[in-house]
Amino acid sequence: MKQSLMVVALLGAIAAGSVHAQTAVQIYGTVDAGLIKRSGQSLNIGKRASNTLGFKGTEELGNGLKALFQLEMRYEPDTGTNEIGANGTQRPLFQGQSRVGLQGDFGMVRIGRGLTPYHETVGAFEPFHASPSPAGFWTDLAVAGYTSQPLDVAGYSNNRFSNAAWYNSPLTNGFQVNAAFATKENGGGPAVIGRGTATAPQYPVGAEASVNPFSITGTYNNGPAAFMAGYERNAIESKVWSIGASFAATPELKLMGLYSKQDQEHNRFANANTNAWVLGANYTMGPGKFLAGYGQKDTDGLQKVKQFSLGYEYSLSKRTYLYVDASRKKGLTTVPSTVNHYDVGVNHSF
Amino acid sequence: MKQSLMVVALLGAIAAGSVHAQTAVQIYGTVDAGLIKRSGQSLNIGKRASNTLGFKGTEELGNGLKALFQLEMRYEPDTGTNEIGANGTQRPLFQGQSRVGLQGDFGMVRIGRGLTPYHETVGAFEPFHASPSPAGFWTDLAVAGYTSQPLDVAGYSNNRFSNAAWYNSPLTNGFQVNAAFATKENGGGPAVIGRGTATAPQYPVGAEASVNPFSITGTYNNGPAAFMAGYERNAIESKVWSIGASFAATPELKLMGLYSKQDQEHNRFANANTNAWVLGANYTMGPGKFLAGYGQKDTDGLQKVKQFSLGYEYSLSKRTYLYVDASRKKGLTTVPSTVNHYDVGVNHSF
Amino acid sequence: MKQSLMVVALLGAIAAGSVHAQTAVQIYGTVDAGLIKRSGQSLNIGKRASNTLGFKGTEELGNGLKALFQLEMRYEPDTGTNEIGANGTQRPLFQGQSRVGLQGDFGMVRIGRGLTPYHETVGAFEPFHASPSPAGFWTDLAVAGYTSQPLDVAGYSNNRFSNAAWYNSPLTNGFQVNAAFATKENGGGPAVIGRGTATAPQYPVGAEASVNPFSITGTYNNGPAAFMAGYERNAIESKVWSIGASFAATPELKLMGLYSKQDQEHNRFANANTNAWVLGANYTMGPGKFLAGYGQKDTDGLQKVKQFSLGYEYSLSKRTYLYVDASRKKGLTTVPSTVNHYDVGVNHSF
Numbered sequence: 001m002k003q004s005l006m007v008v009a010l011l012g013a014i015a016a017g018s019v020h021a022q023t024a025v026q027i028y029g030t031v032d033a034g035l036i037k038r039s040g041q042s043l044n045i046g047k048r049a050s051n052t053l054g055f056k057g058t059e060e061l062g063n064g065l066k067a068l069f070q071l072e073m074r075y076e077p078d079t080g081t082n083e084i085g086a087n088g089t090q091r092p093l094f095q096g097q098s099r100v101g102l103q104g105d106f107g108m109v110r111i112g113r114g115l116t117p118y119h120e121t122v123g124a125f126e127p128f129h130a131s132p133s134p135a136g137f138w139t140d141l142a143v144a145g146y147t148s149q150p151l152d153v154a155g156y157s158n159n160r161f162s163n164a165a166w167y168n169s170p171l172t173n174g175f176q177v178n179a180a181f182a183t184k185e186n187g188g189g190p191a192v193i194g195r196g197t198a199t200a201p202q203y204p205v206g207a208e209a210s211v212n213p214f215s216i217t218g219t220y221n222n223g224p225a226a227f228m229a230g231y232e233r234n235a236i237e238s239k240v241w242s243i244g245a246s247f248a249a250t251p252e253l254k255l256m257g258l259y260s261k262q263d264q265e266h267n268r269f270a271n272a273n274t275n276a277w278v279l280g281a282n283y284t285m286g287p288g289k290f291l292a293g294y295g296q297k298d299t300d301g302l303q304k305v306k307q308f309s310l311g312y313e314y315s316l317s318k319r320t321y322l323y324v325d326a327s328r329k330k331g332l333t334t335v336p337s338t339v340n341h342y343d344v345g346v347n348h349s350f
Numbered sequence: 001m002k003q004s005l006m007v008v009a010l011l012g013a014i015a016a017g018s019v020h021a022q023t024a025v026q027i028y029g030t031v032d033a034g035l036i037k038r039s040g041q042s043l044n045i046g047k048r049a050s051n052t053l054g055f056k057g058t059e060e061l062g063n064g065l066k067a068l069f070q071l072e073m074r075y076e077p078d079t080g081t082n083e084i085g086a087n088g089t090q091r092p093l094f095q096g097q098s099r100v101g102l103q104g105d106f107g108m109v110r111i112g113r114g115l116t117p118y119h120e121t122v123g124a125f126e127p128f129h130a131s132p133s134p135a136g137f138w139t140d141l142a143v144a145g146y147t148s149q150p151l152d153v154a155g156y157s158n159n160r161f162s163n164a165a166w167y168n169s170p171l172t173n174g175f176q177v178n179a180a181f182a183t184k185e186n187g188g189g190p191a192v193i194g195r196g197t198a199t200a201p202q203y204p205v206g207a208e209a210s211v212n213p214f215s216i217t218g219t220y221n222n223g224p225a226a227f228m229a230g231y232e233r234n235a236i237e238s239k240v241w242s243i244g245a246s247f248a249a250t251p252e253l254k255l256m257g258l259y260s261k262q263d264q265e266h267n268r269f270a271n272a273n274t275n276a277w278v279l280g281a282n283y284t285m286g287p288g289k290f291l292a293g294y295g296q297k298d299t300d301g302l303q304k305v306k307q308f309s310l311g312y313e314y315s316l317s318k319r320t321y322l323y324v325d326a327s328r329k330k331g332l333t334t335v336p337s338t339v340n341h342y343d344v345g346v347n348h349s350f
Numbered sequence: 001m002k003q004s005l006m007v008v009a010l011l012g013a014i015a016a017g018s019v020h021a022q023t024a025v026q027i028y029g030t031v032d033a034g035l036i037k038r039s040g041q042s043l044n045i046g047k048r049a050s051n052t053l054g055f056k057g058t059e060e061l062g063n064g065l066k067a068l069f070q071l072e073m074r075y076e077p078d079t080g081t082n083e084i085g086a087n088g089t090q091r092p093l094f095q096g097q098s099r100v101g102l103q104g105d106f107g108m109v110r111i112g113r114g115l116t117p118y119h120e121t122v123g124a125f126e127p128f129h130a131s132p133s134p135a136g137f138w139t140d141l142a143v144a145g146y147t148s149q150p151l152d153v154a155g156y157s158n159n160r161f162s163n164a165a166w167y168n169s170p171l172t173n174g175f176q177v178n179a180a181f182a183t184k185e186n187g188g189g190p191a192v193i194g195r196g197t198a199t200a201p202q203y204p205v206g207a208e209a210s211v212n213p214f215s216i217t218g219t220y221n222n223g224p225a226a227f228m229a230g231y232e233r234n235a236i237e238s239k240v241w242s243i244g245a246s247f248a249a250t251p252e253l254k255l256m257g258l259y260s261k262q263d264q265e266h267n268r269f270a271n272a273n274t275n276a277w278v279l280g281a282n283y284t285m286g287p288g289k290f291l292a293g294y295g296q297k298d299t300d301g302l303q304k305v306k307q308f309s310l311g312y313e314y315s316l317s318k319r320t321y322l323y324v325d326a327s328r329k330k331g332l333t334t335v336p337s338t339v340n341h342y343d344v345g346v347n348h349s350f
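Residue numbers (the UniProt record's numbering), protein chains in the order written: chain A, 1 to 350; chain B, 1 to 350; chain C, 1 to 350.
Please keep in mind that the hints were generated in silico from the structure rather than gathered at the bench. No false leads were mixed into what you were given.
A pair holds if it fits inside one copy or across any two, identical chains being indistinguishable in the list.
Derived lysine-lysine pairs resembling DSBU-like cross-links, with alpha carbons at most 35 Å apart:
#  : residue 1 : residue 2
1  : 318       : 56
2  : 289       : 56
3  : 37        : 184
4  : 330       : 261
5  : 184       : 304
6  : 289       : 184
7  : 37        : 66
8  : 304       : 330
9  : 318       : 184
10 : 56        : 66
11 : 318       : 66
This is chain A alone, in the form it adopts within the complex (with noise of 0.2 Å):
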C-alpha cells in the first residue's frame, strides 16, 4: 500500500468528508536488480524490469469527473543515473511517462508523453510481462521490431510517443479501445537516410514527420479469454499491427500468442517487411510462477531470428519476487549470431 493510500484508508475510517475534491499524491515504483551473464560478456549487475520512481494522484471534480497527473522517472539501479538508452543516452528524467487528463463517463484524454496503446496492448499478451529484459519478447519479437519514435533522440525510447494525446475508451461489455495521435514535431533525432542517400536523407536532422504518427487498439476481455488487435504509424511511415490472445486454461496456467507485421516500405528500400510470432505460458505454483516463451522474427531476405526463453519468479510476497531467467536468441546479424543471457535478481515495488 503507498503511503498517500494509508493516509487515505485513515481519512476514510477518520475524517471522512473533509478532504472531498482533494488530490492525494502517491508516490511509487520499482527497484529491481540482479546479476546477469550474457554470451561474450564479463558478468555484470543489471535489471531484468524497468526501475521507477513515480509520483500520481487524481482529483474528484464532480459528477464523475476527475482530474489526474502521472510523472514517471526511470533510473539504472546500478549506476544511479536516469535510464539509459541503447547508445548510453540518459533519456529524459520522466522517461516513464509525464501526462495530465480528465476523465469521466466518456472515458480517459490524456497529454503528454507515454507508452503508445499498441506497445501497452501488446505488453499484455507477452509471456515475461512486457519485461524490457532481453530474457522477455516485448521490445523485440513481439511487435515485430517495430520503432515508435525514429526522429526521437537516439536512445530515447522505442515504445513511446512525445508531443500526444491519449484517449481511452471506458470498458464496455469487455471491450475498451485505446488510442493516441502525436502532432509532426521533431524530436531532435539524428538524420533517417530512408529512401534518400546520406548527403540527402529522406528525413534531414530537425525534420518533423512526414505525417502525424498515431496508434489503436482494441482488446476483449471474457472470463479466461482476451483477445487484442492493434496498429500503429510512426513518423516515418513504419506501420506495425498485432493480433494477440491469452486463455486461461486452469487457474494455474494462462497461455497466449502474438503475430505481428510491420511495414518499412516506406523508408527501405529492401527487407521491407518483417513478421513476427511468439507462444508463451505462464503456470503458477504457490508462490512461484513459470515462464516460457518461444517466437521467431523473419525479415524479408535477411536471417530467421528465433528466441526461447524461460524464467521463474517466486514471490516473498505480493510486492516482493526473486527472480531467474534463461534465454537463447538465434540468427542475429550482429557477432555473436547466438546470444544466451541468464538472469538472477529480486524486484521490489513500493
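Once you have looked at the hints, place chains B and C on chain A.
Frame of chain A, contents of chains B and C only:
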C-alpha cells in the same frame, strides 16, 4: 490539499502535540499541457505555465523561529525531460528553486537559487499571472526584455539568481521589502562580447561578474489597491527598474499596469535603453476568468514591439482549469516579424 | 520525524495491524548552504555537507525478513543542478545511492550503487563526521587520497562502487562486518595511463577492471570506545587500508584517530605509496559542538600535505544547525600550495 497537509490535519485533530517541531515534507506541483499553434510552426503540444514537482517543508524551532526549505523540479510534459531553455539546453534539475533558510519576527532569510525579487514582484502585476508562455507578458514586455543571469549557462534561466541570499521583510501596514544579493561566481556561461570584440569580449568565458548582482523591490497592499517598485542589476551591469499598480475596481474586475526601463549602457555600444509598458485586466465571471493585456517595448533605434493578448480560464475546481489564449506580437526583429500564438490546454495543480 | 513515520505512528495508534506488511515510502533529505571563502577565489555560495533528497522504504516479509530500497538524489543548492563532480560533470541523478535488498537474521544484502564499506566506515572516525567539504578530512587525508572508482565517468564519485553487492553482518557483541564486491564492468570512464604510455595506456577507454573491486571493514563498539579496520581494492588494483579508534573521554569530549595507507604499485611507476593520519576531537557544550582535526598525508617522493581544521556547529533543533569552519591545508602540489578555507552556513534535515 497536499498529502502532508492531510497528515498534519489529522495529527492536529488526533495526536496534537506529539509532533511539535517536526517537518512535514509537502509534495506539490503543476502539470500544464495543451495544443499550441504559432505562426510558421506546425501544431505542437506544449505548455502555458511552468511544470513543477516540488518538495518543501518548515520546522518550528521555538520562539517564532522556523527553518524552511524548498526544492522545485521543472520539466516538459510533452517530452518528459527537465525543463528546456530557449536554446535546447536542459535546465538544472531543481530549476524552480533550491533554497534553505530561517523565518522569524525579522522576516525570512534564504540562501541558494530562485527567482529574483524583481521578477517575482513584477509577475504579480501582469495580467497572465506570470505565465512564461508567449501569450503572457512576464518574460519580455513586463521587464523590458531584461535578463537576470547573463553569465549563467546559456538557456538556464532569465529571471533567477544562482549563488544568492534572499531577504523578505515582514508585512508591516501593507508594506513589504524583498531583496536578493548574489556572489560574483561565474555560472559557466558563454562569453559576452558587450563593448569588447569577438576576440576580446567584455566578459570572456569563465569571467566573474564585474559587480555583485542584486535585486530589490517594495510592495504596498491597501484593500483593493496594490503598488510595486523594483530595481535590479545583473552580473554584466545591466540595470532595470519597474513600477506597477493594480486596482480591483469591482470584486470581478482587476485592472493593472506596469512601466519598466532597462539600461544596458555598460555592455552595449548602441540600443542601450529599453522602455516598456503593459496594461492589463482580469475579469471573473462564475467559474470563468478573462485575461487581457496590451503592451509595447521600445528599444532605442530598434523596431517597436507591440503585443496584444486575450485569454480565458475555466475552473473545473480550485486546482484544475482549462485555458485558451490568443496573442499577437508585432515588430519583432526575427522572421516573421509578426507572430500569432494560439493555445488551448489544461492546468492541474497537486 | 519524517512524513511517513508520522503516518506510521498514527497507524500504530489508530489502525494497528491493518497495514502489516506494507511499505511506507519515507522522503528525507538535507539542504546545506552557506558562504565560502577560499584562498585565491572570490566569496562564493556553496555547501559543506552533501545535499540530498531521498526515498526509502522497508517491507516486512514475515519471519523477520524485510525487503528494503533506498534511492538518494544529490544536488547543488546554489545552482539547483544535480551534484557536480570536481571537473564540472553532473553526477548521476541518484548519486547518493540506489540499492535494493533483503534484511534478516543473517544480516543485510543489497545490490546497486552506494558508498563502499571502506569509505562509509572511515567516515565515522573523522572529526568532521564525513563532511565532503575541504574543511573536513574524509575525502583526502582520512583515506590517504584513495579513489574507489577510477574507471567510472570522470567526476562521478571517489568513494562509491557501481555495479556491486553489499553485505552487512548483524551486530554481534559489538562486532560488525561490512563488505562489498563489484563486477568488472567498465563505468564509461577515461583511459588510465598508469604503467603504460599515452598511446598504450594501462587501462584504455572502455577497459574493464583487471580484478573485481572489493571493500571490507570490521568495527567494534564497546561503551565509550570504538575501533575499525578496513581494506579496499579498486578496478585498477590500487589498495588502501585504514585503522581507526574513537573514545568518549567524557560525555562531552570525543577523541579519535585514523591511520591509512594506499598502495598504487600496480598503476604507478613512482610515488606509489601514501601514508596518512588524522587526529580529531569533538567537544559538545550545550547546543554547540566544537570540531577539531589535524592530519598529514605523505606520498613517497612528493611534498607532505598537512591540514588543520576547526569547526563549530550550533544546533537550533535536532535537525537544523548553523556552522562555521576555518581550515588550512599546506604542501599542495597545486598553486597556491597553501589554501585557507572559511565557511559559514546552515544545515537543515527533513
